[in-house]
Amino acid sequence: MQYSKWQLRILVFLRVLIGWHFLYEGMVKVVDPDWSSIGYLLDSKWIFAGFFESLAANPGVLAVVDFLNVWGLILIGLGLILGCFTRIATLGGILLLAFYYLSHPPFLNLEYVLPGEGSYLIVNKTLIELVALWLLFLFPTGIQAGLDRFIFRRKNSQDSTG
Amino acid sequence: MEGEKNPLTGKIDRRNMLRGLAGIPFLGAFAIAWWRKRRKDHFLKNVFLGELDLDASAPHFPPSPPKNRTVRLGIIGIGIRGTQLMQAAGFADPELIQHWKDFAATHPEDKRYEDYLAQEDLNVELNGICDVYDVRAERALRTSGNLKREGLDANIIPHAKRYRTYRELLDATDIDAVIIATPDCWHASMAIDAARAGKHVYVEKGMTRLLEEVPDMVATIKESGICFQLGHQGRQTESYMKAREAVEKDILGKINLIEVCTNRNSPDGAWLYNIDEGAGPGNIDWAQFNGPFSDHPFSLERFFRWRCWWDYGTGLSGDLFTHEYDAMNQILSLGIPHSVVSSGGIYYFKDGREVPDVWQVSCEYPERDLTLLYSATLASSRDRGKVIMGHDANMEIGNNLTVWADRDSTRYAEMIEQGIVDPGRPLYTYVPGKKNVDAVTSATEAYFAGRGLLYTYREGRRVDTTHLHIKEWIDCIRSGQQPSCNIDRGFEEAITAHMATISYRENRKVFWDPNGRKVI
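In order, the protein sequence lines correspond to chains Y and X. Basically the numbering used here = 1-based index in the first sequence + 31. Basically the numbering used here = 1-based index in the second sequence + 28.
Keep in mind that the hints are not guaranteed to be accurate.
With a straight-line Cα cutoff of 20 angstroms, these simulated PhoX-like cross-link-like pairs (lysine-lysine) come out [stated by the list, open to error]:
1. X:Lys250 <-> X:Lys73
2. Y:Lys60 <-> X:Lys65
3. X:Lys68 <-> Y:Lys60
4. X:Lys139 <-> Y:Lys60
Derived by calculation from the structure, the hints in this document are not laboratory data.
The task is simple: from the sequences and hints, build the whole structure.
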């Protein structure tokens, strides 16, 4: 895809910002030996609440969920910042954010134990971040500015010459 | 791409390289920011924990003695609490187990059945039961044989023998120890007779119904040398033990006011327990229920809801004030107050009861320069917690423990000014089962913990404090040691509660004379 200089810059900047957020969320959890998603999962509401609570109910499943969440956040964060396997990282990010959103949707009549840090109705920051990642999926930048440039070089060169 | 078209020109290659590595400077910036943030957190934590000298490790529990000798139990009084005590000892009603099993089948997150199966086997036998109500006695007989913790589908053969009177049960030679969960009016005579018969005793609170019964009971228990435990299972709560540690390390500064409360707002909470259909003079031994304590004609209400009448108990005092007092006695070693004033009334449940449903007790400890305030209502469930207030910090105790620095504290003034301590956030949080405590507990975590969404564990497992309290008693029977709520603690509990009851009933301030060891 061809971008103007400023189009590319702003897209990469957005990618790095979201990557930074993911990486920090993951790092904070990985250095805290007591961190667990149990409280968050148990507080989930709406039609998927049963599913999220069932994840919390089994210690084995919970350990896997915690592991995947923490390392998912870190790897997605690194992928987005470095532009490394950017499309997979972007899709992974969308998936994680979809889980967060669906477990705690800010709908009318849903009350959470954990108070939100802002005011939300249907739309919250998770949803906006998700849509931003969707946008980055449709307007990829890994090959223009990122390690994907080296990883997918051959394929890319074939594409551009073919 | 440009770079691919002209691979021999170094200039374009460099440009190509720079584009590929565009994310690296951002990652570098992240690494620096991360390192600085971690350094700051470590600094705060070290300064802070160094100052507080508290850690988050679970309290130390001495190992249990070997369980090689089976302790043979008898139980007297098998109502709501008696059933729970049997369960805590390892004998659960098959009907209850079935209910847990069925519920867990459709609600996998419900762990009651799983937790109960994991409850430690104490190597005890239930050989004798005694209750004046046939239905309860028969249920308890069946429960006594439920050694494998099974539901209704199992073929359970009753193990215990039913005794018609408690004295016959005490004469049995195959019983070493008795659990007493009758109405309070019976506690003293049963405990005294049990001790004389050489049986170890676990008795529910309040320890006695009357002040006059206390000295005899204490003297007999002490002379007999039996192992005695009073039923304040709060003694096993980890956060209370941690609270004691915090108080001993003077985290709170000069403690001047303690506020403890009871808030309930349901018929059950106000002792309006269910009256069984089919219960009547035909299957309840009314004369034995009343003993010498009451000559009231047969009344189902009095039988099932005895806590509402002075003939059988002391209402809020023996049932709930004693728990709150004992928690504070455990944390602060308060002992008997110098004086007590209490007041209240029957303001909501005007159903013919005699005991107040809204009741306040103020205990003065001039030697400690502090007041213990107890405030109770049975008609509002607002949660007020247990709070210990000191000049430097205050502490709120539930399953978790939270300490808040006081904004006008002397000790923390400098740390508050430097931004190391924020009076708006907990100074210290102890959540049982957590491995670490720090000054930077996230707001989220503290919030969940405070709401009890994080479970209380011991050695990684959720446990019932009543089970731990019975276990401590059984352990002490085997080892010959004194349990945590022994007769000395019971003496303090009973005298304090009776001072409060007397103050209410006689409408006067009541004093303790430590020299004459009597209430005046």
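For each hint, the structure was consulted:
With a CA separation close to 48 angstroms, the supplied pair X:Lys250 and X:Lys73 exceeds the 20 angstroms bound. Simply put, Y:Lys60 and X:Lys65 have alpha-carbon atoms about 14 angstroms apart, close enough for the 20 angstroms limit, and the pair holds. At most 20 angstroms may separate the alpha-carbon atoms for a hinted pair to count; X:Lys68 and Y:Lys60 meet this at roughly 17 angstroms. At roughly 27 angstroms between alpha-carbon atoms, X:Lys139 and Y:Lys60 are farther apart than 20 angstroms, so this suggested pair is violated.
In terms of the numbered hints stated before, the structure departs from hints 1, 4, listed from lowest to highest.
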